[in-house]
Amino acid sequence: MQIIKILFKNAFRHKLRTGLTILSITIALLAFGLLRTVVNAWYSGVEASSAYRLVTRNAISIIFPLPLSYKDRIRQVDGVSEVSWGNWFGGVYFDEKNFFANFAVDAKSYFDLYREYAIPDDQKTAFLRDRKGFVAGKKLAERFGWKIGDTIVLKGTIFPGNWEFVMRAIYRGREANADETVFMFHWDYLNESLKKTAPARADQVGFYMIGVEDPGLAVSTAGSIDALFKNSFAETITETEKAFTLGFVAMSDTIITAIQLVSFVVIIIILAVVANTVAMSVRERTNEYAVFKTLGFGGWRIVGLILGESVVITMMGCAAGIAATYPASAAFGKAMGAYFPVFNVEPGTIVLDVVFSLAVGVLAAVIPVYRTLKMKIADGLRMIE
Amino acid sequence: MEAGNIVSIRQLCKSYHRGDQVIPVLSDISFDIAEGEFLALMGPSGSGKSTLLNLIAGIDQPDSGSIVIGGVDVTTLTETELAKWRALNVGFIFQFYNLIPVLTAFENVELPLLLTPLSRSERKAHVEMALRVVGLADRMDHYPSQLSGGQEQRVAIARAIVTDPTILVADEPTGDLDRKSAEEIMDLMDRLNGESKKTIIMVTHDPRAAKKAHVIRHLDKGILTNADHQDTL
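Protein chains in written order, with numbering that gives the first Met the number 0: chain A, 0 to 384; chain B, 0 to 232.
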């Protein structure tokens, strides 16, 4: 037996109560898992950032451009291996609710820097040859059903007009945390059009992406770049890609903190639910624990019986909660794909699920265990007489 | 402890506290129980007989005095030592059987053996033997709810004897049974005492049950009277 068998039999003595408790834990852990995944999704860009890349932007704000001419001076800085650039395009596909990130980038240098984006060679060649071509992430292409050769039109918001593009390539992420929802086209296409329609805005970029030879020297390299443009009409701020991305995440810091708090409140609520269930069960069976003690079951065995029952209930809820988290996350990620390009349940979330479930199981049993150990056998036996 | 006595109780006192009030339950109790004796403790409600039984069984502690059982003064043992001692030396039979409802008859009887180093097959042999002794070998897979009151009490007796304890203590073992079942239980206890030479200490209100005992002692307001031997009744 047999102790394990007793634990399970005791746990399911009140099937409805135990079932509802397990359901509560399942829902709570599902909520916890989803909330944690939302938080992780917020940081996915940070996780995906490379230590080998720096981002240079206008020191006043990201919305102010930098001259294209900076690229040659940046290239000459010690430690810089590659320089690319681009602009946030901000185009709308039919309707604003179809939001996705779209950039004009210097195609060749950009994909040299972003080696985590895998593009089939033939598609990459076709894209590089076609000035109106664009590359979309696999998820984005699937979302709108785009196929190679399709022509699509984005309505410019920052750069007015209807912009026509031809799909030439689809990229996939080499890593699970790669964003597969980005739309990228040739910066030259944007720049040449601007030269005709708004010459004052031509030859200006929103940001530079810079490859460094040694991540250990990234900070000093960034300092050297910024020093180049000190006291110029467009001073720069250069930071690691991770710091740059974190800066965006920090804008939502309060929301993220609130989500994290709610996720922990969920755990505290479920602790109260399980503690109530265990306390009720143990109180109803006070005389049985007195019998166990009479038979010679010592303190640790009594602890094991109560604690074990509590942990059995919570871990069953935990298993069900974890099992439910994956399909729920997949559905949530699909529905919210425009806002959370990477929405994967991370191993760390599952570890937290298990750790918190165990903690809830143990903490919920503390008071019933204490009371049962303190109970005098004679008093416990008298409860049925 | 004199030779031949399995239990020796000296100057035992026990009282309960209710707020500031001290309620004496047992006053200066001293007596011996011979090995193989079948003792009945009788007395009105509140006379202290169940308290005395609990003290002998090691599930309660006296205010003063000693209880030596099989050479061990149980009043000096810690909680942990007492638990181990009870597992080896005491078989307890309750008025309301106190079987675990989610366990079968077999599993209930097996419970005390889980505290021993016996292997699974050895435990099985012991349990089957105990259930055979009480005449329930064919009911070992039944749950308590599938058994009559008399059968439940026989399972409880099997649980009490399965570890071959030094003493059997029974608190009103027939108190919840009809007359026929009560007679069967008393016959079984008589047989355990006669054939297996088990020392039995039984609290009862029932004079018919007490007739099976060799010795009857009466408690009244915590004071023990002299022993009535069965042949003197």
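Please note: incorrect hints may appear among the correct ones.
[Stated by the list, open to error] Non-contacting residues of chain A with respect to chain B, defined by C-beta distances greater than 12 angstroms in every case (computed):
(1) F11
(2) G246
(3) V248
[Unchecked claim] Part of the chain A face toward chain B, derived, beta carbon under 8 angstroms:
(4) L294
(5) G297
(6) A377
Derived from the structure by calculation, the hints contain no laboratory data.
Please read these numbers as outputs of a predicted model, since none were measured by experiment.
For glycine and all other residues, C-beta sits at the position ideal for the given N, C-alpha and C.
Taking the hints in turn, this is what the structure says about them:
1. Look at A:F11: its CB is around 8 angstroms from the nearest CB on chain B, not clear of 12 angstroms, so calling it non-interface is violated.
2. Separation of A:G246 from chain B is adequate, the least Cβ-Cβ distance of about 59 angstroms exceeding the 12 angstroms criterion.
3. Separation of A:V248 from chain B is adequate, the least Cβ-Cβ distance of about 52 angstroms exceeding the 12 angstroms criterion.
4. Annotation: A:L294 was flagged as interfacial toward chain B, and the flag holds, the nearest CB pair being 5 angstroms apart, inside 8 angstroms.
5. Because the smallest distance between the Cβ of A:G297 and any Cβ of chain B comes to about 4 angstroms, under 8 angstroms, the interface hint for this residue holds.
6. Hint status for A:A377 relative to chain B: holds, with the closest Cβ pair at about 5 angstroms, below 8 angstroms.
Hint compliance for this structure: hint 1 is the single one not met.
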